[in-house]
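S.K.: One-letter residues, chain by chain:
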Amino acid sequence: GAGVSQSPSNKVTEKGKDVELRCDPISGHTALYWYRQSLGQGLEFLIYFQGNSAPDKSGLPSDRFSAERTGGSVSTLTIQRTQQEDSAVYLCASSFGTSGYEQYFGPGTRLTVT
Amino acid sequence: GDSVTQMEGPVTLSEEACLTINCTYTATGYPSLFWYVQYPGEGLQLLLKATKADDKGSNKGFEATYRKETTSFHLEKGSVQVSDSAVYFCALSDPGSARQLTFGSGTQLTVLP
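Residue numbers (the numbering used here), protein chains in the order written: chain E, 1 to 114; chain V, 1001 to 1113.
Note that these hints are calculated values from the structure, not bench results. Be aware that one or more of the hints could be misleading.
[Unchecked claim] Below, in silico cross-link-like pairs of lysine to any residue (SDA-like), each with a Cα-Cα straight-line distance of 25 Å or less: (1) 1049(V) / 2(E); (2) 1052(V) / 50(E); (3) 1068(V) / 1040(V); (4) 1056(V) / 104(E); (5) 1060(V) / 101(E); (6) 1068(V) / 1085(V); (7) 1049(V) / 96(E); (8) 57(E) / 1060(V); (9) 1049(V) / 1078(V); (10) 1049(V) / 37(E); (11) 1060(V) / 104(E); (12) 15(E) / 96(E); (13) 1056(V) / 96(E); (14) 1052(V) / 1024(V); (15) 11(E) / 1040(V); (16) 1049(V) / 102(E); (17) 1052(V) / 96(E); (18) 17(E) / 41(E); (19) 1049(V) / 15(E); (20) 15(E) / 38(E); (21) 1052(V) / 1085(V); (22) 1049(V) / 12(E); (23) 15(E) / 50(E); (24) 1052(V) / 1002(V); (25) 15(E) / 81(E); (26) 1056(V) / 1011(V); (27) 57(E) / 1056(V); (28) 1077(V) / 15(E); (29) 57(E) / 81(E); (30) 1049(V) / 59(E); (31) 1077(V) / 1095(V); (32) 17(E) / 50(E); (33) 1049(V) / 27(E); (34) 57(E) / 76(E); (35) 1056(V) / 101(E); (36) 57(E) / 1043(V); (37) 11(E) / 70(E).
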């Protein structure tokens, strides 16, 4: 079956522009996570959605970052007024639940802010 | 807060050599422990996991044992292959932290023929 998909695979944007990154989780997975992979910081948790519960936003680095999940499926991560330090690979993962279930990762979106 | 410390890389081995990548953790609860692997040009994949103390996870010849007394989850393989060249990440999932993964910094492994 289809895995987690993310789009675009690569995004180059100018400093100060807004960007939207999309994640399509595996069908039936109720939990969805966003992570960021950067050279200086490694892999960092950003935000987590579980079903219809309020998202856990504790990992978002600033208020320029936001995310939503529509209909319990597709998620969009939005970065406003991008900065060069936002350059990273943004990874999305989904899982069937949260209690010991494996997280399946998408291929990531490589964001470059010039 | 939770943290994972894994050995610095890069690690370069000859084919059929033994591999150990050390991983230790700090967590407030009773975490589940994972090793993820990222092959060149590919996404993260779960390699193995252990959910409670003394559990041994294994897959593709790799093993790791959940040691609560030493808070460790070292990755081992008796005979590596060129195809094992990848970046390996140790991670934990703490039930008190909404189950998101906390990752180590990653260890680059290169296996030479």
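S.K.: Any of the earlier hints contradicted here, and which numbers?
M.R.: 3, 6, 8, 12, 19, 21, 22, 23, 27, 28, 31, 32
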